[in-house]
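*Asks:* All chains should be built: construct the whole structure from the sequences, respecting the hints.
Using my numbering, you'd call the opening residue of the sequence shown number 341 and step up by one each time.
One thing to keep in mind: the hints can contain errors.
Cross-link-like lysine-lysine pairs, in silico, DSBU-like; alpha carbons within 30 Å at most [as the list claims (entries may be wrong)]:
1. LYS431 x LYS608
2. LYS544 x LYS613
3. LYS545 x LYS569
4. LYS571 x LYS561
With beta-carbon atoms standing in for the labels, derived distance ranges [claimed, not checked]:
5. THR410 x ILE367: 20 to 26 Å
6. LEU519 x ASP572: 55 to 61 Å
7. VAL612 x THR521: 47 to 53 Å
8. ILE618 x GLN580: 25 to 31 Å
9. LEU519 x ASN457: 31 to 37 Å
10. LYS571 x LYS492: 26 to 32 Å
11. GLN562 x SER531: 17 to 23 Å
12. ASP514 x LYS552: 22 to 28 Å
13. LEU383 x ASN477: 44 to 50 Å
What the hints contain is simulated information worked out from the structure, not anything from laboratory work. Where a beta carbon is used, it is the ideal one built from N, C-alpha and C, also for glycine.
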Amino acid sequence: MEIKQLRYFVEVAKREHISETALELNIAQSAISRQITLLEQELNVPLFQKQGRNISLTSEGKLLFNEALTILDHLDTTIEQFQNHGLSKHKSIYIGYEESDVSMMLLPLIQSFHLQNDTHIIPNLMTQNTIIDQVLNGNIDIGFTELNYDIKKHKSIYVLPLFEEHFHLYAPSDDPITLSTQPPLIQFENSRMYTLYSIAPSVKKQLQSFTKTDIYTISNKQLAQYILKQKDGYIICPKQISLPNSQDWVDITLEHTELKRTICAITKEPYVKSDIGILLTLIKQLMTKTSTFY
Numbered sequence: 341m342e343i344k345q346l347r348y349f350v351e352v353a354k355r356e357h358i359s360e361t362a363l364e365l366n367i368a369q370s371a372i373s374r375q376i377t378l379l380e381q382e383l384n385v386p387l388f389q390k391q392g393r394n395i396s397l398t399s400e401g402k403l404l405f406n407e408a409l410t411i412l413d414h415l416d417t418t419i420e421q422f423q424n425h426g427l428s429k430h431k432s433i434y435i436g437y438e439e440s441d442v443s444m445m446l447l448p449l450i451q452s453f454h455l456q457n458d459t460h461i462i463p464n465l466m467t468q469n470t471i472i473d474q475v476l477n478g479n480i481d482i483g484f485t486e487l488n489y490d491i492k493k494h495k496s497i498y499v500l501p502l503f504e505e506h507f508h509l510y511a512p513s514d515d516p517i518t519l520s521t522q523p524p525l526i527q528f529e530n531s532r533m534y535t536l537y538s539i540a541p542s543v544k545k546q547l548q549s550f551t552k553t554d555i556y557t558i559s560n561k562q563l564a565q566y567i568l569k570q571k572d573g574y575i576i577c578p579k580q581i582s583l584p585n586s587q588d589w590v591d592i593t594l595e596h597t598e599l600k601r602t603i604c605a606i607t608k609e610p611y612v613k614s615d616i617g618i619l620l621t622l623i624k625q626l627m628t629k630t631s632t633f634y
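*Replies:* Below, the structure written as structure tokens:
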């Protein structure tokens with residue numbers, strides 16, 4: 341049984357006339373008759389009976405008519421759902437971003453974009469390598485990630501440098517390091533270092549090159565405060581993450597050091613969606629900061 345046969349059957353049943361159905365559907369009458377005959381042979385029952393120049397449904401035909409309507413309605417609904425899904429995907433911009441200052445900027449960016457556009461923006465937190473691969477594969481439209489030489493190797497990727505991400509350090513208030521206004525990273529050699537939440541592998545590697553020790557990661561601010569109160573190490577975190585002010589620790593900026601990275605927006609050219617260019621313009625307006633990019 342084919343869907344085409346059911347559709348022909350339903351249309352003939354509604355009109356009770358094959359020639360009228362053929363004229364309405366712009367199909368040869370013989371083709372419709374042939375499909376009805378094949379359907380009757382497969383089901384092994386007569387579906388129509390002649391009444392003068394017209395035809396009418398048999399009892400078996402009436403039963404099939406009701407079932408066919410249900411089947412075709414379900415089929416049409418399914419097709420419509422998938423077509424709408426395809427349209428929805430095309431009317432959406434998928435963004436991948438790694439944990440950085442971008443996290444704090446996404447909400448105002450999306451809100452500003454939606455003031456002028458009805459295209460959906462779907463953000464997703466990812467790792468750096470995943471972002472690059474997904475942009476190249478076309479699974480995400482725009483990625484926010486660290487600018488490195490791997491990205492520059494791909495000629496099909498458009499790169500928009502945005503800003504430098506800086507870090508700061510918390511030290512126990514009576515630690516000698518607090519007496520230095522701009523301590524160099526080499527001064528933390530052999531010191532116990534904790535990062536508050538995960539930091540980029542490139543930053544962690546850079547930090548380890550100065551400390552010559554393992555870098556530990558914690559994910560709780562209360563634990564970070566306890567470590568500082570116990571004078572058990574230093575806490576390093578991106579600039580957008582901070583601890584409450586306290587007499588037990590001192591906040592030391594590291595903007596003067598080599599510990600920094602450039603964050604950029606990337607997309608694959610040519611754009612497959614027209615709104616990508618509009619969003620990139622908005623990204624440039626809202627997220628670009630004056631910086632020296634490497």
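*Asks:* Now tell me, hint by hint, if it's right for this structure.
*Replies:* Here is what the structure says about each hint:
1. For the suggested pair LYS431 and LYS608, the alpha carbons sit about 17 Å apart, so the restraint of at most 30 Å is met.
2. For the suggested pair LYS544 and LYS613, the alpha carbons sit about 36 Å apart, so the restraint of at most 30 Å is broken.
3. The straight-line distance between the Cα atoms of LYS545 and LYS569 is roughly 27 Å, inside the 30 Å bound, and the hint therefore holds.
4. Among the hinted pairs, LYS571 with LYS561 is consistent with the structure: their alpha-carbon atoms are about 15 Å apart, no more than 30 Å.
5. Against the hinted window of 20 to 26 Å, the Cβ-Cβ separation of THR410 and ILE367 comes to about 24 Å, which satisfies the hint.
6. Between LEU519 and ASP572 the C-beta distance comes to about 20 Å, which lies outside the given range of 55 to 61 Å.
7. Hint check: VAL612 to THR521, Cβ distance near 51 Å, so the stated range 47 to 53 Å holds.
8. The hinted window of 25 to 31 Å between ILE618 and GLN580 holds, with their beta carbons roughly 26 Å apart.
9. For the hinted restraint 31 to 37 Å between LEU519 and ASN457, the CB-CB distance of approximately 53 Å leaves it violated.
10. At about 43 Å, the CB distance of LYS571 to LYS492 disagrees with the hint of 26 to 32 Å.
11. Between GLN562 and SER531 the C-beta distance comes to about 22 Å, which sits within the given range of 17 to 23 Å.
12. For ASP514 paired with LYS552, a C-beta distance near 24 Å keeps the hint of 22 to 28 Å intact.
13. A C-beta distance of roughly 47 Å is found between LEU383 and ASN477, which places it inside the suggested range of 44 to 50 Å.
Taken one by one, the earlier hints fail for this structure at numbers 2, 6, 9, 10, listed in ascending order.
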